[in-house]
Amino acid sequence: MADVETKGEAPQGMPRQRRSMKTARSVIVIDKAADWIIRIGGIGVIVAVFGIMVFLAQVVVPLFTGASVESSSSAKIAPGPRALMEVIDEYKVLSTSVDATGKVHAFHIATGTELEAPAFDLGGKDVSAFNRTLNGRDLAFGFSDGTLRLGMLKVGGAVVDNAQVPQNLKRLNDTDFTDGQAIYTAISPEQMRVVSIAVELGEETQTAPAGTAIVAIDYRLGGTVERPTRSFITVDAAGIGRLSRTESRTNMLTGATTTTMTSSELPGLPADVHVHALLMTNNADQVYVAEETGNIYRYDTRSFAKPDLAETVDLLPGEATIGAIGFLIGEQSLVIGGSDGSVNVYFRLQRADAKTGDGYQLVRAHTLEPHANPVVAMDASQRGKLFVTADAGGDVWVRHSTSEQVVLKLAATDAEIDTVALAPRENGIVAITGDGQAHAWNISVPHPETTLRTIFGKVWYEGYPEPDLTWQSSSGTDAFEPKLSLVPLIFGTLKATVYALLFAIPIALGAAIYTSEFVHHRVRAVVKPTMELMASLPSVVLGFIAALILAPLVETWIAAIFCAFIVVPAGLFAGAYLWQLLPSTIALRYGGLPKFILIFTALIATGFVAFALGPWFERIFFAGDLKAWSTGSHGESTPFTAMLVFPFVFLALFMSTQGLVGERFGHILRGENRTLAGLADLGRWIATLIAAGVLSYLAALALVVIGMDPRGGIVDTYVQRNTLVVGFAMGFAVIPIIYTISEDALNAVPEHLRAASLGCGATDWQTAIFVILPTAMSGVFSAIMVGMGRAVGETMIVVMAAGNTPLLEWNIFSGLRALSANIAVELPEAVRDSTLYRMLFLAALTLFVMTFAVNTFAEVIRQRFRKRAAQL
Amino acid sequence: MGVIAETTQENRTPAAVGAAIRRTDMRARGEPALWVLGGALALGIAMIAGFLALVAWNGILTFIPKPIDVVTQADGTVTAGEPFREELFRPDAEVLEALTPEWRARIAAADGYTSRTLYRTGNFDLYGEDFRWIPDFTVTKRERPANVLFIERLEWGPFVGSIKSATIDGAERQIASLDDPAFVAAHRMSRQRWAQANDIEKDEIGAINHKLEAARLDLRGVELDSGRDSTDYRQAQARVEADAAVQRGNYDKLAVQVEDLRRLNAANTVTFVAVGGEEKTEEMAHLVRFYPANDLSFGGKIAVYFSRWAEFLGDEPREANTEGGVLPAIFGTAAMTLLMVIAVAPFGVMTALYLREYAKQGRLVSIVRISVNNLAGVPSIVYGVFGLGFFAYTLGGSIDALFYPERLPNPTFGTGGLLWSALTLALLTVPVVIVATEEALAAVPRSMREGSLACGASKWQTIRNIVLPRAMPGIMTGIILAMARGAGEVAPLMLVGVVKLAPELPVDGLFPFVHLERSFMHLGFHIYDVGFQSRNAEAGKPMVFVTTMLLISLIFVMNVVAIVIRNRLRRKFAGSQF
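Just so you know, the sequences run in chain order A and B.
Using the working numbering, read the first sequence as starting at 1 and increasing by one per residue.
Using the working numbering, read the second sequence as starting at 873 and increasing by one per residue.
For reference, chain A alone in the conformation it holds in the complex (with noise of 0.2 angstroms):
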């Protein structure tokens, strides 16, 4: 366009003219550039906002891709008898042994270089038990002669400036020096991080007889700071399991220490048993005797005197020996791996079935994929429910318990292995095999818990009775593991947005028709903006309206409202049946603005009568007590079962009424006067009212007869903040939408339509009903949706008036938790990258993806029907 063509013949004696026809130069150049910026800047903002899901999308993805081995590298290391334990410390740069000989072997894990240890002091005696805890800091020997001792390893860091550096460190790697006992690591320029190791080892301890060899052993500690406790549980070579408890009491005088022990034997043990491993719970209120076969004795020993055999079950069924077995964090769930190959999980339950001496019963939660060899090691996670396993041939899986997934697979050599240990941090293995080799992994590990199963499906969480859906992000304790169902809160979000639309289609439907087609353009000119002004309500008004205002004077009215369900229509129709009886040039005269007002008069009338009706409708409806009866409880269900099939019941009555003798009702009518023929309606009505009152009243004694209860279903207990309040509150939000959109559709129905239909002698309202609304049907029908995405958003509404509780019923007392508001509520609070940040953008996904979708489908039937509609 730019280019004018300047070839055009300029008068002679006019040069001034030729000059301007030749286009400036600046203005091409203004017009290059205003091309170009405008296209990089559309493109741009388009790409931008698409942009938008696949940001969320690269949030996401990690939840279910996640783990991943960031180095591997092994080592050979000294050899040396079969370690009892491994532990690495919290930096990964020392994998610490402890053998039967009370040595201690600790190795650079990079390098496999071999440091100097102290070591446990045996004195000599062979250890014939052994055990520790999960954090492997605290360690129990048990002796051939019957006695035992505890012992404490700490592998600990401590950050020193250089100043107080040995001098003369040996270079290991770019970061790490050892002076042959610790590993320094060179942190920032001026200091260093130590890691070392030193050992303390406690008194002797007899327990067993003398000369009876202690044949394993576990133990807890507790009690308090003054007061500390030792609990032991050991079963020596008789079979004798005997629990024990030291109680030591310093005297605040004197200074000395006295320390009692009381001890007691566990009942019901065979003398032949073949102990692999004892277990102690955390509080030492449960003991788990675990025979190499499978069997596995449960004791109840919250009462130390009197142990209690609660259970005994067999695990592994079959020839399959324990390969290895231990708690995982929080010391509920016992993993069981087999010489089968088989790992599972399990924990004890409460069975109302269960044949045990508790009523507990240790339960097969979950069944995970099993090796191909035998299991030999497993080590817990000190901070969630990962394991690694290892078998005898040299595979190492690193696991989780809950979303049962095999989160890494390594594979080490084909030797089997002895131990293997899990970083502190999740972020290390390192698997020392019976040939003196030490694997060393570096792995990332971020979101074992997440899989598309445990988010979307039923999962079996530790202590739950079943898999369950669940949404509890956070609690207060350190074992505790978060549950990420969205599925609650995918429902929460459908559940206010099915009650709210309950409530706002026929509203928005009904005022959208009568704007459309049976009210003057100039009232529709008031009208329509009004409604609309109700659209750019700020949300967190209407929430705030809604949880301060509008739920306290639900919950003390809430009979009236369910009367006013009722009261409100009635009081409609009988206006129109009594507007039926005035002779027809005042209602012709009347018929526009007037007989609006009267409507709104009635509403606003019926409105209070039903507020005054209300403590009479409680007492019939819900007797006399809404709350009590809701619970089911108090009274019957059968009147509000009856209120429920009641427009149905009279829709059908009147519909069959009208197919059978309508006709010629309608014949006789049309030939009596208009006030006699409108009194006849009015009875015919007044009947089918009370025809219909007494069928339904009929059909719900029927349903509850066989079973049918509403309550424990879309009734049921009352919270203040409810279902009920949101859809009030959210038809505020979604009404105006839907009224909008559905009545521009409306009136875009040509008019050739309407004039062909009343010019054929259709009403006003077969017009609207036969040839207007069904030409609009999709054009209304894309308004629905619309206002259901507008729904399905809505945050501040549901953040303040939902009482945001994770709930999966459908009852309309009770709160609900959206996804919308769970963001809200808990992305400030979400640390970045955690798992939990990634599963609040995976709901904003979901949000996105679920109102994206329904736009999009309302949006091409819009244009459908605009189509369309141009073409008619």
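The set of hints was computed from the structure by calculation and includes no laboratory data.
All of these numbers come straight from a predicted model, not from anything done at the bench.
Don't take each hint at face value.
[Unchecked claim] With beta-carbon atoms standing in for the labels, derived distance ranges: (1) A/162 x B/1082: 34 to 42 angstroms; (2) A/616 x B/1037: 34 to 42 angstroms; (3) B/1004 x A/619: 51 to 59 angstroms.
[As the list claims (entries may be wrong)] Rough simulated footprint, nothing fancy, chain A against chain B, three-plus residues with beta-carbon under 8 angstroms: (4) 1254-1261; (5) 1356-1368; (6) 1419-1425.
[Stated by the list, open to error] Below, simulated DSS-like cross-link-like pairs (lysine-lysine); rule was C-alpha separation at most 27 angstroms, straight line: (7) B/1232 x A/867; (8) A/32 x B/1232; (9) B/1074 x B/1036.
Every residue, glycine too, gets a C-beta built ideally from N, C-alpha and C.
Fit chain B to the supplied structure of chain A, relying on the hints for placement.
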């Protein structure tokens, strides 16, 4: 009703009408259904009208000074307070037992219900409560003595009681009336000194702190650049220390000034006495406003009313936002909305121009158009999540790493703030602007464009001189609607930078004057916060209503302007809609 139906009715002769109607089947008119439809519309209108009336009623009446009742109960307790609201309740059986027979009969007659009144007693520091329910049956006497004052203080909420004595410049004296000139002057003086001390603390001492902080950051920057052992660092350190010494000197001077003012103020006190006889001495400087609630002339009421409005609109909040003003929130809302418009207007218009004038109209463009349209329906919280993840954490984090390494690990742009809020809302509202602008562009007749091009104008010249001016009202409508939507959004802001109480405004006198990284206060969030997060939701409720009214009127004004412009536009280019 359609136009056609109307004219047909008018053209009928009365006789014809009668005849026609008589032969019409009742069912065909659908009168009952019609009433239900009309009822739906009536309900919709009643909802909006009721809602607005509720907000306006509460909002307008909140600041009217209310009388104070002094209530004596049967057990001798005397309570003074503003009657706040009344409600019916059902007293427990034990309570009923203890009542006189006639009260019991009265309650039994009312189905077990009787009424009680909530009094705003104030005096939180004395009673440990702001409100007290008093059942009617316990009341033996209710009076409105003229000498009871309602005193609004800086701390502890209002005080209800009377003046016992006053100390002016250290000398105790009796106050005859509130109009006592010495008292009035002393109070005014105290308030002025208080304001002055506040100004010094906030502006001048604030500026010194700002400078000290800037110097510290400079030093840290040098340290990061050239290390702690470098000469640069030592030089910078010396410079900073010298500077800091000067600043500290200034600080001490100012601190002395503030101390002086405070000391002077401490000599002006008033001792109040509550109805129960408890005394409380307050500095005059801490008395915001006081009036004899039961002895207030009409003019006095008006004065209190407007002075409260002035405080509300022009002051900072106090008492955990439940009292005082909302100026920072108004300011924050305005600043954020303006910034949003600056971002959204050019980009929205550009995109619409691209879609309508530059892009080849094909399937792809219509898909893009539908999608852009739908983005208006994507929940605002999703934009908030995006804003937090992308703008604050990703973009802001990078900006911090690049430009503000000396401030790390404290985030500068790497957390929510004004800029990110404005950009998030810009993204949220850009579809509104795009759709409105596109509609406006489409309404410009093709012939005008062609005419312009035929005259030799370039494409850009055509757009600038012909298309944009004609589309301008439509574009303005879109922008105003976007502003209205943006100003009312709260959910995304909760994630990207709005706070309960911002210590500093985003614009102030310190370089660089506009602090885009600061978090800010917002009217909408203020409503949420005061209504839901405050210690005493009941005490905050009136405030919330006023804030609500302010926010709604702000948004309504914008919407009405947009609707007026739209209507004018439609009239101008009638027939070109859709």
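Now the hints, each set against the structure:
1. A/162 x B/1082: 34 to 42 angstroms: With Cβ atoms ~36 angstroms apart, the hint holds.
2. A/616 x B/1037: 34 to 42 angstroms: Given a distance of about 59 angstroms, which is not inside 34 to 42 angstroms, the answer is violated.
3. B/1004 x A/619: 51 to 59 angstroms: violated, 34 angstroms
4. 1254-1261: The restraint on the region 1254-1261 of chain B holds, since 7 of its residues have a Cβ under 8 angstroms from chain A and three suffice.
5. 1356-1368: holds (count 9)
6. 1419-1425: holds (count 3)
7. B/1232 x A/867: Holds, at about 21 angstroms.
8. A/32 x B/1232: OK: residue 32 of chain A and residue 1232 of chain B at ~17 angstroms, within 27 angstroms.
9. B/1074 x B/1036: This hinted pair is violated, its Cα atoms lying about 34 angstroms apart.
This entry does not satisfy hints 2, 3, 9, going by the numbered hints stated previously.
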